[in-house]
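So the sequences go chain by chain: D and Y. Its first residue numbered 1, the first sequence is counted upward by one per residue in this note's numbering. Its first residue numbered 1, the second sequence is counted upward by one per residue in this note's numbering.
Just so you know, these hints were derived from the structure itself, not from any lab. Keep in mind it's a predicted model, so treat the numbers as computed, not measured. By construction, the Cβ of each residue, glycine as well, lies at the ideal position given by its N, Cα and C atoms. Any given hint might turn out to be false.
[To be verified] One-sided excerpt, in silico: chain Y residues whose CB lies under 7 Å from chain D:
1. D8
2. S16
3. E18
4. R31
The primary structure of each chain is shown beneath.
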Amino acid sequence: MKSSKEEIILEVIKERRSIRSYTDEKVSREMLMTILEAGQWAPTPSNVQSWRFIVVQGAQQFRALKTLSPGFPREATTAIVVCSDQRRTKSFGETLSPILAAEEVAMAVQNMLLMAHSLNLGSCAVASFSEAGIKELLELPDEISPILLVALGFPNEHPIAPQRKNVSQITSWERYQEV
Amino acid sequence: MEKGELFDICTYIAASAEKLKDEPKDYGPLRLLEVLSQLATLGATEYDDSFLREVVQRVKEKQGLVMADRKAFYDFLTQLVIRFAKEAKNR
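Isolated chain Y, as found in the complex (with noise of 0.2 Å):
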């Protein structure tokens, strides 16, 4: 990671913070879903993780459902702990 892309992170993280207070709870995982989706973009790159690759493309695939399908965000975001969990039985 290049200490630019560190410092991007970081940023967004701060002003997730400062807007989150004001925002609709399910933006909360949204903004979460966004910084993983940053920092499994840099990994799957630095270490030709095929996992983290595999996250990004679901991330984008299924983060617009917090807008049009709740529950359907709801259930992504417990089958992708799910999938990180299975993931960490193997590392």
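Pulled out of the complex, with its shape left as it was, chain D reads as follows (with noise of 0.2 Å):
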């Protein structure tokens, strides 16, 4: 028997999707900032927090970040732009350093995704932006490096779900088995 608590959680999961195409309506600082403080609230090894979240608004500038940003959709009224501080993740070694700062990202994104689809808001998490024209854009330091961008504003469509894979068919128990 699921409670509540999981109900709400797992249909905010399988309701969000990636949005492409938005109104015109601005998205409110109020609702940003409960964006923002929900990727914050996001797992962190050894509680590291090597998050910059840079949030891009205005026109001049929002207009070069969409054109530095191939993946980004056009329609979309607000970009967060969500870095990481290599100067908090040097401490665990060339190798692992850039993919604790991914794996902090993606699940700060991730917070960031179900959070904004629960405001009612679309969303889409974007990879492909030139990092050397963002950084340039954003003028950020070196040691600060773009990961992933997160478009936002009010959805203008309703896509359907793609299909996704049965549990069963990704998952084994105790050890590896090819399902």
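With the hints in hand, could you dock these two chains into one complex?
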């Protein structure tokens, strides 16, 4: 028997879609703060908290960000550039540091996407952007690397969920088995 | 086309060229469709061109197929070129 908390969380996870068509309506600062807070409470190894979030909404800066980010939905109205601060991850060593940065950012972004959906916003995680271009545009120091962009806005589409494999097709118990 | 609009498209092409070297090959046609859509949007407005307006609409409807149904996406690309070829005969 599932509790209401489980049902709500699973519903939000399953309902969320990557949205590529948006209305003109702007995302409020209050909504953004809620989304950022959700990101900030993601799991973080050794409490390293290497995230840096940069919100871009201003017309000129946002327009430039979109042109430097080929995968960014053209109609979205807000971007959160999710970065990692290498000064916070370097104690993990050269090999682990970039892996840790990607893991931390990925978990924070998932929290943000789910919170955005729960606020009736559309969102899309975007990996297709020019890292060099974004670093220059946002004047990021060398140690701060943009890892993912989060596109936000009010959705103008409601895509059908794509097919997912059944859990049993990707899960084995106790040891690996081809399924 | 305004100077700023031309600059934006050029920036988009430069960023795409840099990024595409590391991305799946189907992202190439997708980026070109995006540029086509941007140019066709400008052309449709500037010259009141109904064909280009239709192209923008068709690209918007079909470009998502790259994620969902690759064969249908490739078919769309072929049909789009045929549509352009038909139109070219009347221009």
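Hints, verified against the model:
1. D8: 5 Å, holds
2. S16: OK, holds: S16(Y) within 7 Å of chain D, min 4 Å.
3. E18: 5 Å, holds
4. R31: 5 Å, holds
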